[in-house]
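Student: So the sequence lines, in the order shown, correspond to chains A and L. Position one of the first sequence corresponds to residue 1 (this note's numbering), numbered consecutively onward. Position one of the second sequence corresponds to residue 1 (this note's numbering), numbered consecutively onward.
Treat each hint with caution, since some may be false.
Simulated restraints on C-beta separations [claimed, not checked]:
{"#": "1", "chain 1": "L", "residue 1": "70", "chain 2": "A", "residue 2": "13", "range": "48 to 58 Å"}
{"#": "2", "chain 1": "L", "residue 1": "90", "chain 2": "A", "residue 2": "39", "range": "33 to 43 Å"}
{"#": "3", "chain 1": "A", "residue 1": "53", "chain 2": "L", "residue 2": "70", "range": "45 to 55 Å"}
{"#": "4", "chain 1": "L", "residue 1": "100", "chain 2": "A", "residue 2": "13", "range": "15 to 25 Å"}
Please keep in mind that the hints were generated in silico from the structure rather than gathered at the bench. Quick caveat: nothing in here was measured; it's all calculated off a predicted structure. Where is the CB? At the ideal position from N, CA and C, for every residue including glycine.
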Amino acid sequence: MRKLSAFNLAALCVGIAFLYLPIVILVVYSFNASRLVAVWGGWSTSWYAALADDAPLLSAAFISLRVAVVSASAATLLGTLAAVALTRFGRFRGRLLFASMIYAPLVMPEVITGLSMLLLFVAVSVDRGFWTVVVGHTTMAMCFVAVIVQSRLVDFDVSLEEAAMDLGASPAQTFIAVTLPLILPAITASWMLAFALSLDDLVIASFTTGPGATTLPIRIYSEVRLGVSPEMNAVCSLMIAVVGVAVIAASLLTKLGAARGVQARVQASGV
Amino acid sequence: MKSNGRSFLAGLVVGIPYAWLVAFFLAPFLIVLKISLSQTAMAQPPYVPVLDLAAGWHGIARFFAGLSLDNYVFLGSDPLYVLSYVKSIEIAAFSTLLLLVISYPVSYAMTRVPRRLQPALVLLIILPFWTSLLIRIYAWMNILQHDGPLNRLLLAFDLVREPPVWLSTNTAVYIGMVYSYLPFMVLPLYATLEKLDETLLEAAADLGCPRWKTFWLVTLPLSVPGVVAGALLCFIPLVGEFVIPDLLGGSRTAMIGQAIWTEFFANKDWPTAAAVAVVLVCLLVTPIVIFQHQTMRTAEGDS
Chain A
1 MRKLSAFNLA
11 ALCVGIAFLY
21 LPIVILVVYS
31 FNASRLVAVW
41 GGWSTSWYAA
51 LADDAPLLSA
61 AFISLRVAVV
71 SASAATLLGT
81 LAAVALTRFG
91 RFRGRLLFAS
101 MIYAPLVMPE
111 VITGLSMLLL
121 FVAVSVDRGF
131 WTVVVGHTTM
141 AMCFVAVIVQ
151 SRLVDFDVSL
161 EEAAMDLGAS
171 PAQTFIAVTL
181 PLILPAITAS
191 WMLAFALSLD
201 DLVIASFTTG
211 PGATTLPIRI
221 YSEVRLGVSP
231 EMNAVCSLMI
241 AVVGVAVIAA
251 SLLTKLGAAR
261 GVQARVQASG
271 V
Chain L
1 MKSNGRSFLA
11 GLVVGIPYAW
21 LVAFFLAPFL
31 IVLKISLSQT
41 AMAQPPYVPV
51 LDLAAGWHGI
61 ARFFAGLSLD
71 NYVFLGSDPL
81 YVLSYVKSIE
91 IAAFSTLLLL
101 VISYPVSYAM
111 TRVPRRLQPA
121 LVLLIILPFW
131 TSLLIRIYAW
141 MNILQHDGPL
151 NRLLLAFDLV
161 REPPVWLSTN
171 TAVYIGMVYS
181 YLPFMVLPLY
191 ATLEKLDETL
201 LEAAADLGCP
211 RWKTFWLVTL
221 PLSVPGVVAG
231 ALLCFIPLVG
241 EFVIPDLLGG
251 SRTAMIGQAI
261 WTEFFANKDW
271 PTAAAVAVVL
281 VCLLVTPIVI
291 FQHQTMRTAE
301 GDS
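Bound conformation, chain L alone (with noise of 0.2 Å):
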């Protein structure tokens, strides 16, 4: 008796954040799916086939029947989302190289600090972070507006003869991009930099090899693991970006984010939405499942 009181307690422990993550994560995920097979119709829900139980064996084969590749069909032969899709995930990937080659310094550089102040400086990274990315992007709105501090810096210091435009192009999405996810850039780089074994750099220097070439065989190749995670932690939400192209960028870096928010919102295309979305998941589940790897491997190596 008391046993089973026991596990039935155990079993409340897994059962119920279990069910919560099924019925708010898993189920919406499958309904994404089966509208993405759906057609838009005039009607409340807005697409058909509509899984109907009460016509018993008969509504279940209808609804089957009723299902269809179109979508994606429609998706493949529009350029314009192909062309948003290559245009996402190159925004992505030049953006997490610039964290790259922007955290990597700063990393390294809080490993050399002392010892009693690095956690300090993990809190002073981490903490822009909880601010809402809207009011970071609003920030960086306020700096390069037409008339902002960032023009007339430049214009005060002759820089530059006319303000350039900085709003609406480009290289806003990019500083956004860098700004927002610098903390999910440095924080994995500088993990695994702060385990680095002192001693190889020792005997490095000991058999006198310079610096740069110590750094760049024993440092750079042990660093890897903290590249990979920073580089997916910050890839994967950034293809999917939506805030920061929508406020910062212009109507030309259209990304994949803002094309599911247009065709749900403006367009009400539910099933066309729900397509863009699967294909963006397929896009990202590589990604995704290496990432998924690196944590339980290292959540299972600290244990």
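The following block holds chain A by itself, in its conformation from the complex (with noise of 0.2 Å):
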């Protein structure tokens, strides 16, 4: 009954297409020689080694990169927490409103996120820079991590925990020695997809950055606007490759996360 129609392989081929084509013009455009983008002068790689002089550039990189390195730690750490609260805890006093706070920056525009949490750093007369970036980014990127780690717990095989504490181990105890390693790899997913986030954002960014923070997506936003350059094409060429490495190995991990636990079950249940 399910068979591939002609129609069918075509609309899955377009599709595909038109996601990857545009991605795959601008990687060979960032191998133009040609100064001019339209105009093909054969390849070269001297875009890549131009940005290596760019100091601006690379330090926006270098702020991105660390921006992304501790939003995505503290993300992964708070977000963990908030999805065991959401899938252990049953319902606990406040439950509906700290869904509602987990759910709602997924889908709210970031212009508005962006617009409050500035609003919150001068309420309270923060200096902003580093930290405030980090804060924002942190915030968003927890609910991406709470949904990916809840639905990693949602189907995970609850009597092997109550086996532990049967056993006599304390929640705390069962936590690490037990569900921990079977979430590793969905923690380990968020966290790459925390960093390739943060890595990525522009707007929440451009809101609650400082002097001394220009990120990454800053830097480039300001030159995107005057126009398409051979430079802009190496860099974003870069970023992709960053991020897509990123990805893959985290769905590689959360792959593998769900192959050890169907192991991990069958053994449970052999016993």
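Take each chain as given, in its own frame, and dock them per the hints.
Tutor: So this is what it looks like as structure tokens:
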């Protein structure tokens, strides 16, 4: 019954080509020797070499990396706690508000999240800079982490935890010895995704940044508004490469995690 | 003593993320609400009234007396903002419709592929989403520019006489929006279609129902939850989208996200920016509540 018709195949190919062609074109153009973006002047890596001399760009990239590492780590910790709270604590008081605050940032336009965060920092008169961007990114990313880890915790065999507790382990010991190893791949994957989200974000960073904390997307945005340039093609291609590697690694880890979860369940039922 | 320690630990697990979200998501929101009721001032912070707790009750009373709805009255009376809201909703709605029409055949085809290949396809669809929106839109600026690949392709095949202008048009905005939000539409649709009970289709076929009619009477109605989820996931953020209309659209496609940005960064009119944001949130609250209701129901259905 499930058959792939010619129409299905065409839809699939067109869909995937539509998604990937613009990215491929961008990467190909980044190797264009010609200064004129529209004219093909042969292959060259000169634009990548030119990036090494662009000091403001390099410092922006360094700031972005630091923000991404710190905020991804904080978001993973907070998001994992939130996921545990949502799946293992039943219906505690204020759960509805809690769940709402997890889901709302996922769909809230970034302009609003950014604006409100900035107004908070102004109201409590905090100097904006590196740490305010980190807080902004942590808040946005922790919700993604919570949703990913939560989905892992939901299809997780609770009897494994119950067995540990029956044998006298405290909830904290159970979490560390049983739950954590099983959800670790999901946690690692979330960290990488949070890292990618932070590295990519323009809007929240623009609102929450201050002097001396220009991130890479802010820098790229100010250049890109003026038009297309070969240097920007090269920077964007590099970012695609970094994020691509992180995301593929993350998804392989999740798959590994799912496989390991099944294995554990089989072992548990075998005993 | 031991159980005290346990509940303390449990309290931390809930309390830490809870406190973080209250401090950095809920509180900022209340502040936006407050500032939207304030007036611009040549001061730091650039609005009045400022809550002066040191002045005690008197200060609090003065603070509340200083609040006013003037900004909202201003928004309602200025056709520029009203038009901007209408335009944003219109563009987001039409983009969502386009996304639905384009994504449905793709999602449907994904369910027809051999099962072991499907996870790879899902990954292939998600992957572009993780590269920066800014970069993906920039890639389209490359393609759509005056002497870019698209126009040269059209000229080479003699499809046009004069290279058409793409950038700074609504068409470019629609292309950018459909491109950027495609995964958000394809994945919920795929998730619903994938769960569809095959035997229903077989039953319809056995009873002599033509394929198109089976699709219309069985597949489509059963995929409504996926359609709703996908439409909401796209529509809500699209209304407030900033990067896409800013880089691909012209000055005529002034969406509300751009209005907030300009009021804030160019005009430094914080109270107006806050009021624009509050009205936008109010417009989006209904779909967000529907979305939440849906996610909670699916989450509970799965567990």
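Student: Of the hints stated earlier, which fail here?
Tutor: none
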